[in-house]
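Trainee: Construct the entire structure; sequences and hints are all you get.
Residue-level listing of the chains:
Number of protein chains: 2
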Amino acid sequence: MGRKLAILGAGDVGRSVADLAGEYGHEVVALADSSSAAVDPDGIDVESTLERKVGGESVGTDDPEAVFETDYDVLVEATPTTLGDAEPGFSHVERALEADRHVVLANKGPVAERYEELQALEADSAGSVRFEATVGGAIPVLSTVEDETPQAVTAVRGVLNGTANFILTRMAAEGLDYEHVLAEAQDLGVAEADPTFDVDGTDAALKFVILANVLADGGFALEDADVTGIQNIPGSALDLAAEDGRTIRLIGEATREGVRVAPRLVPENGPLAVTGTRNIVQIETKNAGSLHSSGRGAGGPETATAVLSDVGRLPEL
Amino acid sequence: MGRKLAILGAGDVGRSVADLAGEYGHEVVALADSSSAAVDPDGIDVESTLERKVGGESVGTDDPEAVFETDYDVLVEATPTTLGDAEPGFSHVERALEADRHVVLANKGPVAERYEELQALEADSAGSVRFEATVGGAIPVLSTVEDETPQAVTAVRGVLNGTANFILTRMAAEGLDYEHVLAEAQDLGVAEADPTFDVDGTDAALKFVILANVLADGGFALEDADVTGIQNIPGSALDLAAEDGRTIRLIGEATREGVRVAPRLVPENGPLAVTGTRNIVQIETKNAGSLHSSGRGAGGPETATAVLSDVGRLPEL
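Keeping their order, the protein sequence lines are chains A and B. Take the first sequence: its position 49, counted from the start at 1, is 49 in the UniProt record's numbering, and no numbers get skipped. Take the second sequence: its position 37, counted from the start at 1, is 37 in the UniProt record's numbering, and no numbers get skipped.
Be aware that one or more of the hints could be misleading.
[To be verified] Short, incomplete list of chain A residues facing chain B, as computed with Cβ under 8 Å: (1) Leu-20; (2) Glu-23; (3) Ala-138; (4) Ala-288; (5) Leu-291; (6) Glu-302; (7) Thr-305; (8) Ser-309.
[Said to hold, decoys possible] Simulated restraints on C-beta separations: (9) B:Pro-267 / A:Asp-177: 24 to 32 Å; (10) B:Gly-25 / A:Pro-234: 49 to 57 Å; (11) B:Gln-231 / A:Pro-315: 45 to 53 Å; (12) A:Ser-34 / B:Pro-267: 44 to 52 Å.
No lab work stands behind these hints, which were simulated from the structure alone. Built from N, CA and C at the ideal position, the CB exists for glycine as well.
Mentor: Pasting the structure below:
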């Protein structure tokens with residue numbers, strides 16, 4: 001059934017959700033960036049709106065506030081992830097739920113940092129909250145946990161940061177050091193100008209914190225995670241690992257007991273040694289053994305398919 | 001929301017669905033084998049019913065016909081897969097849909113052999129049909145295709161028969177010939193007394209036919225598939241492959257154009273070279289790149305989690 005989507009955030013993910021919504025049978029009634037919005041209760045013209053945005057102009061001529069005043073079924077929260085109070089994302093979600101609307105998040109902040117408050121808001125709302133896009137991009141991680149039931153999942157581990165994985169893959173393959181490969185990754189657009197959260201483990205940790213919250217029904221935030229990044233791995237450590245048929249990957253693990261992210265030795269030809277920007281998760285279950293899924297863990301269209309699959313699973317209001 | 005399940009078939013899958021239904025919040029109002037049924041509109045006592053069945057007695061004291069006369073929300077069709085007219089499974093599904101009930105299939109026959117008729121029955125019913133359990137056991141294959149939308153999936157390929165994969169893995173690892181390893185697999189319970197459909201490619205082909213039907217919205221049956229089994233692979237072929245860093249796997253592929261299942265050379269350390277009874281699928285998509293999922297492709301509890309995840313996705317009647 002088609003839904004009216006209001007999309008907050010006009011970065012790669014927000015724009016891709018707008019672009020693909022029609023293929024999934026939905027209509028975009030609003031698309032907002034931080035300073036403006038395109039709003040039309042009969043559906044905005046997505047193509048011309050995206051052209052304007054990509055051309056460097058503001059996304060529309062309305063005030064972002066107008067998004068909340070239009071008639072929508074689902075708020076898609078795709079503004080940048082922020083830590084701590086997770087604002088302004090958290091307040092966006094709050095307003096939508098208080099208006100009895102559904103929310104689909106691509107923004108990790110509210111789910112990682114304020115999970116219990118989010119659950120309380122959802123309990124008081126006719127709307128539901130879903131957030132598949134916050135973990136593993138296109139890879140169906142949270143829906144698989146839901147399929148197995150969270151209480152029957154004992155642990156989720158894997159590689160959930162493509163930038164760090166690309167750097168480790170290149171260091172091992174070319175025998176280059178960290179600084180050199182990071183500069184290369186920035187040139188290729190694989191690493192951002194400020195790559196801190198990717199290389200220090202924060203981004204991966206947020207995703208495993210979200211998984212721990214799902215498994216344990218809350219209780220975790222970023223500060224509870226035990227996190228080590230890849231910045232201090234010398235090329236010689238990768239050479240040493242290779243001599244033993246192993247390599248190094250930034251591996252995270254979420255259980256009901258906690259979250260850990262750190263560089264770990266893994267078999268060079270084993271399932272966790274995905275290469276380049278690919279992500280992988282291993283879901284350990286009570287009833288169905290170990291389920292492995294890999295794919296692109298980031299990217300606009302990839303993440304947008306996760307947002308839109310969530311939209312398809314929302315109950316009727 | 002909890003549903004009343006009527007389960008047809010008391011083999012590994014049917015019994016496991018009954019056993020796990022409570023964990024998923026559902027109630028079992030009927031469980032039938034081919035000659036009898038346990039039926040109780042207030043919920044059967046699953047534990048004692050399963051004990052009786054496993055002890056060699058009939059599953060209950062009612063006539064199987066009584067299943068259709070009780071009040072249920074979802075018919076779980078888990079009787080053995082049959083080819084051609086796919087009976088009696090197809091008629092079971094027909095009766096449930098004509099009574100405006102939902103149907104979840106673990107039986108591949110109706111979906112592989114009579115897909116268009118099944119779609120027509122569903123279109124005339126208030127009930128819906130789902131069949132995740134027919135492809136890849138616990139691996140979320142069909143839900144991932146649904147998430148990406150079938151029209152945005154260009155191909156699905158992989159290993160979907162654990163028995164054939166076990167035989168090829170053991171032949172390569174031990175340098176043993178086909179007949180020897182088949183006998184070993186039968187001793188271990190990995191291969192059935194009559195392993196024909198596993199080793200001649202029929203079982204894998206049925207799964208890829210179902211996938212082709214989903215991608216193309218029908219049009220395929222087993223007779224449309226191009227199928228070669230593993231019975232004639234000499235051990236020497238595996239030795240030759242290994243010298244080149246490759247091995248042999250029974251690989252299937254479904255596209256909108258057709259279905260092919262045949263032994264293929266694959267890189268020894270590549271993603272398709274899963275070992276033992278494990279299954280893997282690669283889903284090629286337009287918007288999200290290539291998604292890989294692997295896990296246990298068969299087994300009672302594993303397949304039951306797929307049935308129960310389907311039950312959770314059914315709309316309210």
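Trainee: If a hint holds in the structure, say so; if it doesn't, say that too.
Mentor: Going down the list of hints, with the structure as the test:
{"no.": "1", "hint": "Leu-20", "result": "holds, 6 Å"}
{"no.": "2", "hint": "Glu-23", "result": "holds, 6 Å"}
{"no.": "3", "hint": "Ala-138", "result": "holds, 4 Å"}
{"no.": "4", "hint": "Ala-288", "result": "holds, 4 Å"}
{"no.": "5", "hint": "Leu-291", "result": "holds, 4 Å"}
{"no.": "6", "hint": "Glu-302", "result": "holds, 4 Å"}
{"no.": "7", "hint": "Thr-305", "result": "holds, 5 Å"}
{"no.": "8", "hint": "Ser-309", "result": "holds, 3 Å"}
{"no.": "9", "hint": "B:Pro-267 / A:Asp-177: 24 to 32 Å", "result": "holds, 29 Å"}
{"no.": "10", "hint": "B:Gly-25 / A:Pro-234: 49 to 57 Å", "result": "holds, 52 Å"}
{"no.": "11", "hint": "B:Gln-231 / A:Pro-315: 45 to 53 Å", "result": "holds, 49 Å"}
{"no.": "12", "hint": "A:Ser-34 / B:Pro-267: 44 to 52 Å", "result": "holds, 47 Å"}
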